[in-house]
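Undergrad: Now for the letters of each chain:
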Amino acid sequence: MKESEMDFDAFEKLVQQKPYATLSPAEVEFVSQWVTSEQEYEYIRSSGEKLTQWFRINQVLGPDDQLQKRLQKQLRAVHKRESFFGKAIKVGAGYSLTAILFALAGWWLGQLRSNESTTRGLQTVYLKDTVFVKTKPDTVFLDKIIYRDRPFVLTVGAKKESEEDSKGAVKGVSMKEKELDDLLVSGSER
Amino acid sequence: MFFKSKLARFPDEELMRKIHQGSEAAFTELYTRYSNSLMRYFTRMLWNNRAMAEDFLHDLFLKIIHNPLQFDANRKFSTWIYSVANNMCKNEYRKRQNQLRMDGVVENQSRDLDKELDLMSASDKLTMLLETLEEEDKTIFLLRYEEELSISQISQIVFMPEGTVKSRLFYLRKSLAFELNEFKMILNEKSI
Chain A
1 MKESEMDFDA
11 FEKLVQQKPY
21 ATLSPAEVEF
31 VSQWVTSEQE
41 YEYIRSSGEK
51 LTQWFRINQV
61 LGPDDQLQKR
71 LQKQLRAVHK
81 RESFFGKAIK
91 VGAGYSLTAI
101 LFALAGWWLG
111 QLRSNESTTR
121 GLQTVYLKDT
131 VFVKTKPDTV
141 FLDKIIYRDR
151 PFVLTVGAKK
161 ESEEDSKGAV
171 KGVSMKEKEL
181 DDLLVSGSER
Chain B
191 MFFKSKLARF
201 PDEELMRKIH
211 QGSEAAFTEL
221 YTRYSNSLMR
231 YFTRMLWNNR
241 AMAEDFLHDL
251 FLKIIHNPLQ
261 FDANRKFSTW
271 IYSVANNMCK
281 NEYRKRQNQL
291 RMDGVVENQS
301 RDLDKELDLM
311 SASDKLTMLL
321 ETLEEEDKTI
331 FLLRYEEELS
341 ISQISQIVFM
351 PEGTVKSRLF
361 YLRKSLAFEL
371 NEFKMILNEK
381 SI
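Chains A and B, in that order, are what the protein sequence lines are.
This note's numbering applies: residue 1 is where the first sequence begins, and numbers increase by one.
This note's numbering applies: residue 191 is where the second sequence begins, and numbers increase by one.
Please note that the accuracy of each hint is not assured.
[Stated by the list, open to error] Once the Cα atoms are required to be at most 30 Å apart in a straight line, the calculated DSBU-like pairs of lysine-lysine come out as:
no., chain 1, residue 1, chain 2, residue 2
1, A, K80, B, K364
2, B, K266, B, K196
3, A, K90, A, K80
4, B, K266, A, K73
5, A, K69, B, K364
6, A, K69, B, K196
7, B, K253, A, K73
8, B, K364, A, K18
Please keep in mind that the hints were generated in silico from the structure rather than gathered at the bench.
Since we're looking at a predicted model, the values are computed, not measured.
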């Protein structure tokens, strides 16, 4: 039975107002969510009537009038006490506010006098209290050697010297060199 | 007279604000609005003990006088005052149970109940059935059928989901209906 889907108020209203026999088909379907038979419906209906009657017959009388008077007296007493404390607090607050005002006025007057005495002999002296020494970096790295591997191509077989190269080598010996050799060997011709 | 009629138009929450400021007229208005229904509730809950009910009513209104700030302004006053009354009754039930336990008395209301019910009139039977209800069921039942509060208000007073309140009320009504109708059948048999 999902209670949230059912309107209990509507069910109670129907039970109170209509006997089962006068319910419309839609109403019968609606009350069948709550009751399983006509008898159950009628039992609930008649018990409701009895309950209303019982409450009417067994009425509880209101409280004694004296109770209200006692309570009103209490209320008066509480607020009288509160108003007394309230007044006392107000008076205290007034006194302390006056005291604070006097203290502030005294401090302000004192401040005025002390300001007058200090401005009269005022002299400003400027002193250098910090010297900054400039420094230069002593080493500067300008170049950087980078080692790099170079590819070297190795050829198979030795290179043959051409005939012209060999002839050229012979041609390369000059007379001056021969003469120089002779001179070095003899060493005594001149 | 003018002030009285003016205050009668004020909502409960506004009256509470005025009571906090010390307004006696506002207190009288609020007392007039709630004293009878609360007296009824306390009397029914406290085993029809009228003197005790009056004491409870006195204590409840004293709480309003001494600590009006206890009232949560976000709540509806009627819901709040009934929840305070409900808590007072709960404490009294707990106290009574402890007292009975200490005295060694075991409450066995169902023992002779059937026999007693057979001999009673319908009105007495209802009184007896209400008396034998559990404290929580009794609260829900009275708030609904005597004080005519809504399901939503009752759920806020007893701190219970609305669905639970509805199902409890339905089963209470159902059991009450069967108890009363059984009684009617017995009476009919006797008269024959």
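Undergrad: Next step is simple, just say for each hint if it's right about the structure.
TA: Tested hints:
| no. | hint | verdict |
| --- | --- | --- |
| 1 | K80(A) with K364(B) | violated, 54 Å |
| 2 | K266(B) with K196(B) | holds, 21 Å |
| 3 | K90(A) with K80(A) | holds, 15 Å |
| 4 | K266(B) with K73(A) | holds, 27 Å |
| 5 | K69(A) with K364(B) | violated, 43 Å |
| 6 | K69(A) with K196(B) | holds, 22 Å |
| 7 | K253(B) with K73(A) | holds, 14 Å |
| 8 | K364(B) with K18(A) | holds, 17 Å |
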